[in-house]
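There are 2 protein chains.
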Amino acid sequence: MPRLVECVPNFSEGRRREVIDAIADEVRRTNGARLLDVQADESHNRCVVTFVGTPEAARTAALAACERAVELIDMNAHRGEHPRLGAIDVIPFIPISGVTMDDAVGIAKTLGREIWDRLRVPVFFYAEAATRPERRRLPDIRKGEYEGLAAKLADPAWMPDFGEAKPHPTAGAAVVGARRPLIAYNINLSTDDIEVAKKIARAVRESSGGLVAVQAMGVKNESGKAQVSMNLVDFTQTPVQRAFEVVNEEAAHYGVTIVESEVVGLLPLDAVVDVARHHLRLRDFTREQILETHLME
Amino acid sequence: MPRLVECVPNFSEGRRREVIDAIADEVRRTNGARLLDVQADESHNRCVVTFVGTPEAARTAALAACERAVELIDMNAHRGEHPRLGAIDVIPFIPISGVTMDDAVGIAKTLGREIWDRLRVPVFFYAEAATRPERRRLPDIRKGEYEGLAAKLADPAWMPDFGEAKPHPTAGAAVVGARRPLIAYNINLSTDDIEVAKKIARAVRESSGGLVAVQAMGVKNESGKAQVSMNLVDFTQTPVQRAFEVVNEEAAHYGVTIVESEVVGLLPLDAVVDVARHHLRLRDFTREQILETHLME
Numbered sequence: 187m188p189r190l191v192e193c194v195p196n197f198s199e200g201r202r203r204e205v206i207d208a209i210a211d212e213v214r215r216t217n218g219a220r221l222l223d224v225q226a227d228e229s230h231n232r233c234v235v236t237f238v239g240t241p242e243a244a245r246t247a248a249l250a251a252c253e254r255a256v257e258l259i260d261m262n263a264h265r266g267e268h269p270r271l272g273a274i275d276v277i278p279f280i281p282i283s284g285v286t287m288d289d290a291v292g293i294a295k296t297l298g299r300e301i302w303d304r305l306r307v308p309v310f311f312y313a314e315a316a317t318r319p320e321r322r323r324l325p326d327i328r329k330g331e332y333e334g335l336a337a338k339l340a341d342p343a344w345m346p347d348f349g350e351a352k353p354h355p356t357a358g359a360a361v362v363g364a365r366r367p368l369i370a371y372n373i374n375l376s377t378d379d380i381e382v383a384k385k386i387a388r389a390v391r392e393s394s395g396g397l398v399a400v401q402a403m404g405v406k407n408e409s410g411k412a413q414v415s416m417n418l419v420d421f422t423q424t425p426v427q428r429a430f431e432v433v434n435e436e437a438a439h440y441g442v443t444i445v446e447s448e449v450v451g452l453l454p455l456d457a458v459v460d461v462a463r464h465h466l467r468l469r470d471f472t473r474e475q476i477l478e479t480h481l482m483e
Numbered sequence: 187m188p189r190l191v192e193c194v195p196n197f198s199e200g201r202r203r204e205v206i207d208a209i210a211d212e213v214r215r216t217n218g219a220r221l222l223d224v225q226a227d228e229s230h231n232r233c234v235v236t237f238v239g240t241p242e243a244a245r246t247a248a249l250a251a252c253e254r255a256v257e258l259i260d261m262n263a264h265r266g267e268h269p270r271l272g273a274i275d276v277i278p279f280i281p282i283s284g285v286t287m288d289d290a291v292g293i294a295k296t297l298g299r300e301i302w303d304r305l306r307v308p309v310f311f312y313a314e315a316a317t318r319p320e321r322r323r324l325p326d327i328r329k330g331e332y333e334g335l336a337a338k339l340a341d342p343a344w345m346p347d348f349g350e351a352k353p354h355p356t357a358g359a360a361v362v363g364a365r366r367p368l369i370a371y372n373i374n375l376s377t378d379d380i381e382v383a384k385k386i387a388r389a390v391r392e393s394s395g396g397l398v399a400v401q402a403m404g405v406k407n408e409s410g411k412a413q414v415s416m417n418l419v420d421f422t423q424t425p426v427q428r429a430f431e432v433v434n435e436e437a438a439h440y441g442v443t444i445v446e447s448e449v450v451g452l453l454p455l456d457a458v459v460d461v462a463r464h465h466l467r468l469r470d471f472t473r474e475q476i477l478e479t480h481l482m483e
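So the protein sequences, as listed, match chains A and B.
At position 120 of the first sequence the residue is numbered 306 (my numbering), and the sequence of numbers has no breaks.
At position 243 of the second sequence the residue is numbered 429 (my numbering), and the sequence of numbers has no breaks.
Bear in mind the hints are in silico, worked out from the structure with no lab data behind them.
A portion of the hints provided could be inaccurate.
It does not matter which identical chain is meant; a pair holds if it fits inside one copy or across any two.
Restricting the straight-line Cα-Cα distance to at most 20 Å, the calculated cross-link-like pairs of lysine to any residue (SDA-like) are [stated by the list, open to error]:
| hint | residue 1 | residue 2 |
| --- | --- | --- |
| 1 | 329 | 287 |
| 2 | 411 | 469 |
| 3 | 411 | 470 |
| 4 | 295 | 320 |
| 5 | 411 | 467 |
| 6 | 329 | 257 |
| 7 | 384 | 330 |
| 8 | 406 | 470 |
| 9 | 406 | 388 |
| 10 | 411 | 201 |
| 11 | 406 | 467 |
| 12 | 385 | 300 |
| 13 | 406 | 469 |
| 14 | 385 | 442 |
| 15 | 352 | 469 |
| 16 | 329 | 350 |
| 17 | 384 | 435 |
| 18 | 411 | 229 |
The following block holds chain A by itself, in its conformation from the complex:
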């Protein structure tokens, strides 16, 4: 099994194509890293770079991209609708295969130290890499944004995890961490009644007593049907098939069925293998039995 982490850094530039390209090119030219996607949002003035690689390559690529972002982005001139703390803003590492969450936290910590040592940008650790509970959630760390950063850092409660307690003059501060892969998973129901989707969402989401590691809301989909729209934030705790099955059971109470479901964006192979393992009651099945796994770098 290849040792693989995903990295999804968010940089505060969504308009100047040449800057976005220069940042992404750092990932492209790193041996052992593979660029999967670059998305730029003009109104957010922000870009999201998605890549995977070995732990070492992912850290090297992330640092090179950060260096370029610090060089090319001046937060004093930055305007955009999305909250942000600096040019680098946020870098999550996500264990994909052959890598534990502890490994991903280790990569984040090493990168955080390098960002301070080499780029002089102070660093907060968040999510699984957080050093205290109040730093787990991004919105809490980002509160005050770049414009309020000097004041925030002056508060002893917000001493950075690496670096001095004052913002980099043009790059602000960076947030680095580790989290599970998030699977965006929607289930379309055989009804137009959005209230049913909302009730099912309440029943399945963790915040109101449902399934662990599930966020859910009831919405109307593009064809006007009721949809349970979910984020599965840790499929090792609640796998895709369990979310499907619980929504299916809840739907039956309203005389409603599941018409279809959809995965938005990417998901790890292990999540797909889990569905097959569950449905077929597979014994001793490993992903190495899938022919194509032998073709991964």
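Given chain A's structure and the hints, the job is docking chain B onto it.
Only chain B this time, still in chain A's reference frame:
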């Protein structure tokens, strides 16, 4: 999606390690081909080499391995329990991804011509590459074996598809073709009664009126439980989940349940994706949504 074929050549050498290694090394050193497995059987005096590659690389690797086999194996001295027609014996190409069955047949035909042109070994095409119905099945082509080959080739009904109607003096003849990947799939039942497994096997296998492209028999497994042991010879016609579901329904008629199932050896990613797509009623799901597919060569 990478263009990928699997190739599983069988050579008539299962005892001399240096010969088996020399043959496998030809695959190892071919760019674009990846050796997955080499299995040698001493009593059969035969080895099975499994590799994957682009269509071009797979053909190149197969031809190089054949050349080495013809050089190192003398069928006049060959004894073994498994039926065989020559040093190369049989080479199937199997479409895995981004490649049609027609493509695989094309690769087989080109390789067949090269085996005659360069190695002077006459060639029969079998399975999907067969030129006539009576050449589809390997046992029919192999009948008479190496020892009866000269007589067989003298019969106009058994003119080779490429080459002259007489055996290569040391390598005999070769059989080349194309087939679907075969998934070896066993289902263990909650009973010791093998008769139940035999009845279910009769209900699900194609030869007695069950599911297309399914071979099945009822056996006792290593823990003494009844097992339905299947070969799914074309999962694009009968996917794994359908075999599971029909066995499950049949078992219910005998008051028996499925305890677990197992895949023996390898299966293509598409077969696993199909299970997830079916179970979750996935809409518009493609294998490119699986993160790891972007890491395949």
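TODO: First find the shortest C-alpha distance between residue 384 and residue 330 inside one copy, then the shortest across copies, and answer within, between, both or neither for a cut-off of 20 Å.
DONE: neither (32 Å within a copy, 71 Å between copies)
- [ ] Evaluate residue 352 and residue 469 at a C-alpha cut-off of 20 Å and name the case that applies: within, between, both or neither.
- [x] neither (55 Å within a copy, 49 Å between copies)
TODO: Since the copies are identical, ignore which copy is meant and state whether residue 406 and residue 467 lie within 20 Å (CA to CA) inside a copy, between copies, both or neither.
DONE: Only across copies: residue 406 and residue 467 sit 19 Å apart there, 34 Å inside one copy, limit 20 Å.
Open item on the list: Cα distance capped at 20 Å. Does residue 329 pair with residue 257 within a copy, between copies, both, or neither?
Closed with: Neither: 25 Å inside a copy, 74 Å across copies.
Open item on the list: Please sort residue 329 with residue 287 into within, between, both or neither, judging by C-alpha distance up to 20 Å.
Closed with: Neither way: residue 329 and residue 287 sit 26 Å apart in one copy and 58 Å across, limit 20 Å.
TODO: Using 20 Å as the alpha carbon limit, work out where residue 411 and residue 229 are close: within a copy, between copies, both or neither.
DONE: neither (29 Å within a copy, 63 Å between copies)
TODO: Measure nothing new, just compare the shortest in-copy and cross-copy C-alpha distances for residue 329 and residue 350 to 20 Å and report within, between, both or neither.
DONE: Result: close within a single copy only, 19 Å intra versus 82 Å inter.
TODO: Pop the pair residue 406 and residue 388 into one bin, within, between, both or neither, using alpha-carbon distances up to 20 Å.
DONE: within (15 Å within a copy, 48 Å between copies)
Open item on the list: I want to check one pair: residue 411 and residue 469. Are their C-alpha atoms no more than 20 Å apart within a copy, between two copies, both, or neither?
Closed with: Result: close only across copies, 15 Å inter versus 38 Å intra.
Open item on the list: Checking an output row: residue 406 and residue 469, CA cutoff 20 Å. Within, between, both or neither?
Closed with: between (39 Å within a copy, 17 Å between copies)
Task: Intra- versus inter-subunit Cα pairing at 20 Å for residue 406 with residue 470 - done: Cα proximity of residue 406 and residue 470: across copies only (19 Å, versus 41 Å in one copy).
Task: Alpha-carbon proximity context of residue 411 and residue 201, limit 20 Å - done: neither (35 Å within a copy, 65 Å between copies)
Hint compliance for this structure: hints 1, 6, 7, 10, 12, 15, 18 are not met, and every other hint is.
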